[in-house]
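> Please model the complete structure; the sequences and the hints are all you need to start from.
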Amino acid sequence: MSFTVGKGQLEEPVELLRIALDERVFVKLKGDRELVGTLHAYDQHLNLIISDAEETLQKAELDEETYEQIVRQERRKLQLVYVRGDTVFLVSPLLRHTGTFL
Amino acid sequence: MFFTAILRTLIGEDITVELKNDLSIRGRLEAVDQYLNVRLAQVQVHTAAAPPVLQLLHGSCTVRGSCIRYIHLPVEKVDTELLQEATRRVAAATKETQTMK
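Chains as they are written, first to last, in the numbering used here: chain A, 1 to 102; chain B, 103 to 203.
Simulated from the structure, these hints should not be mistaken for lab results. Take these hints with a grain of salt, some might be off.
Within a straight-line C-alpha distance of at most 30 Å, the following computed DSBU-like cross-link-like pairs (lysine-lysine) qualify [said to hold, decoys possible]: (1) A:K28 x A:K77; (2) B:K197 x A:K59; (3) B:K122 x A:K77.
To be clear about the criterion: a stretch of chain B counts as covered by chain A if any three or more of its residues have a C-beta under 8 Å from a C-beta of chain A, and this derived list gives those stretches [claimed, not checked]: (4) 105 to 116; (5) 169 to 181.
Owing to the predicted nature of the structure, the values given are computational and were not obtained by experimental measurement. Glycine residues also receive a C-beta, built at the ideal position from the N, C-alpha and C atoms.
In structure tokens, the structure reads:
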């Protein structure tokens, strides 16, 4: 069982993260949170250390008059953070220049 | 254990621990264990709506690792190159032990 990215063969899911070291990654977290930043460290629990990150937090609110759902986005910069692995849903490497998905 | 080792290099530094209940606690890192439980000294609570009990808390406290969402680390105290190198080494070592099984 193996899958490939580019030329390299990846035998295990977490090996994708080894390739993503020092690259920009997109991380989806519990509670409608997303991070885009540079990956510096990870382990098998998906604990991460990420720098120059931007966090996007989606907040859904109910308009009091029309009862319409309004989705608000809150953004903030994180210089260097440790992210606990149990909140991580997915990690995906971004292409270096375009910021699009691999 | 790898992340325990990383965080242990920051003992004595000021860090901000952001909990899953949106509480942010700033303090000096005193100790870290294998579960990434964290002991802080000279604690300040940063959330505006912090419970009064926590406002009074100026001493040390222990935070259960599983309650933590983020730990904001001091940029100037972390060598990211070194971290990546260590991560590659640890990843290779764990892979080796797994293939031996």
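> For each hint, tell me whether it holds in the structure or not.
Now the hints, each set against the structure:
Pair hint K28 (chain A) plus K77 (chain A) holds up; C-alpha atoms about 16 Å apart against a cutoff of 30 Å. Distance restraint check for K197 (chain B) and K59 (chain A): the Cα-Cα separation of roughly 39 Å exceeds the 30 Å cut-off, and the hinted pair is therefore not satisfied. Of the supplied pair hints, the one linking K122 (chain B) and K77 (chain A) holds, its CA atoms being roughly 18 Å apart against a limit of 30 Å. Check on the region 105 to 116 of chain B: 3 of its residues sit with their Cβ under 8 Å from a Cβ of chain A, so the three-residue criterion for coverage holds.
Counting residues of the region 169 to 181 of chain B whose beta-carbon sits less than 8 Å from any beta-carbon of chain A gives 9, enough to reach three: the coverage restraint holds.
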